[in-house]
Amino acid sequence: MRRNQVAVVGAAETTKLGVIPDMSQIQLHADAALNAIADAGLKLSDIDGIATAVETPQQIAHYLGIKPTWADGTSVGGCSFMLHVRHAAAATEAGLCKTVLITHAESGKSMIGKQPRYTPPSSLNGQFEAPFGVYGPPSMFPIPVLRYMKTHGITHEQIAMVAVVQREWAAKNPRATMKDPITVADVLNSRMIAYPFRLLQCCLVTDGGGALILTSADRAKDFPQKPVYILGTGESVETPMVSQMETFNSSRAFRTAGPLAFKEAGITHKDVDHLMIYDAFAHLPLFGLGDLGFMPHEETGKFIADGNTRPGGKLPLNTNGGGLSYMHSGMYGMYALQESVRQMRGIAPAQVPGAKISVCHGVGGMFAASGTIIFTNER
Amino acid sequence: MAEAARARPVPTPETQHFWEGTRAGELRLQRCDACEHVYFPPRPFCPSCASRKVSVFPATGKATLYSYVINHRPPAPGFTPPYAIAVVELEEGPRMMTNIIDCPQTPEALDLDMRLEVAFQKLDEEITLPLFRPAKG
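Residue numbers (this note's numbering), protein chains in the order written: chain A, 2 to 380; chain B, 27 to 163.
These are calculated hints, taken from the structure and not from any lab test.
Accuracy of the hints is not assured; some may be wrong.
DMTMM-like mimics (lysine to aspartate or glutamate), calculated; alpha carbons at most 25 Å apart, straight line [said to hold, decoys possible]:
id, chain 1, residue 1, chain 2, residue 2
1, B, K88, A, E247
2, A, K151, B, E143
3, A, K151, B, E115
4, A, K151, B, D137
5, A, K151, B, E134
6, B, K88, B, E118
A quick note: this is a predicted structure, and the numbers were derived from the prediction, not measured.
With the rest of the complex left out, here is chain A (with noise of 0.2 Å):
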């Protein structure tokens, strides 16, 4: 794909985030949806696309009253919403739509108009993963870190600084679910959830959505809000089953997303101003540290203990809080994206002075997925 041609003009979250008790999951779409329709000053009549997960295009579609020419239902977890970005912005180049809406939310928290997961019994995950007691992403998420602890030689208390210095950028943050200050021994004084992890190293479970407006660069000039343009993309995909991970060292995903989206952009590391990598637990920050090339990953937990990427550090990492304390609703892209977005238009409560290169890192399933955005503010 080429850079810079399509732009982000509308981006916005629900009304509120946490715990909203008074709308089902949909209707947490349409807030969202409609708030970003406001934001970029446009009619729902002028949505032409529309990409969702979870619940299906159409549904979205008949309940905001849009009548699409393209739809793109991708469902891969967490990290869908960076693959629509990824396909919306390649649709809209090839001219098979003008205007896309992205929409995800989700009841995580309430559960209300939301369908439980299931994983049928003759499913592979159903057969050789179910039966031994997998309960849930905190039982399945964390079965790596282990493994790559030892391999990479990080320690539990670097792995806990990725919770405490995720907190200071929360504090900042005032939509942030959780913004107390928090130390590494809170971290590993916190209930014990699935060792070696503990209740402040998994994500929160919240309620709320996001959306994006997608349109071709030449028109986005026109829209009230400053563009944010597409530099480079990458996704992939490996296994719904943790355990068939080609390695716990790494992820294959990662590691094919991420240097795609690099290369696409023709950016190196030394340019990203800002970064956020989808933190559901708090290893995937080490993880895509090394996976997208930043460093070996023998290196990622020093990194973080160090400081390099708490405020005032040099990569500021996961700026909202991140799915360890802004909000996370069970597939958490969708928010990253909007803090990137944020960050470029230069309107972020804890915004990087100047930041014009943005990085946006989601993971799907339990490192299932992958989906990597390269936003900047220039064309």
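Given the structure of chain A, go ahead and fit chain B onto it with the hints provided.
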């Protein structure tokens, strides 16, 4: 207290040989006749070279502990926390998820790369699960 049953696998035509194997006390893997790739989970073609000529063979049942979590909450039906959910690396190469039995479910006892051997646990008349225990000797 009667425990709820743990999740029970439902075999498909492609995995039938594996579950027949565990019932007979064998851990059955597949090897590609063309490129010799050994793989798991079961499927009637080679995921490395796409050949449909593959053979089923009994694995040694020897493995090492690749990684694990010790789940404290919430427990899956049929489990009492804390319990380890492990991924083991078989001597033949493939990895599989399992539980480690005859071993304290603690970080001290569960040492990465420790040697393990398969142990079959009958769930019902049709399903026997491949679990692993610390290797003897």
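Hints versus structure:
Between K88 of chain B and E247 of chain A the alpha-carbon distance is near 20 Å, which keeps this suggested pair within the 25 Å criterion. The hinted pair formed by K151 of chain A and E143 of chain B meets the criterion: a straight-line CA distance of about 22 Å does not exceed 25 Å. Taken as a hint, the K151 of chain A and E115 of chain B pair is honoured in the structure, with Cα atoms around 16 Å apart against an allowance of 25 Å. Using a Cα cut-off of 25 Å, the hinted pair K151 of chain A and D137 of chain B holds, with the two alpha carbons roughly 11 Å apart.
Proximity of K151 of chain A to E134 of chain B is assessed by CA-CA distance (about 14 Å); at most 25 Å being required, the pair is judged to hold. Only pairs whose Cα atoms come within 25 Å are accepted, and K88 of chain B paired with E118 of chain B is accepted, the gap being roughly 8 Å.
The structure agrees with every numbered hint stated previously.
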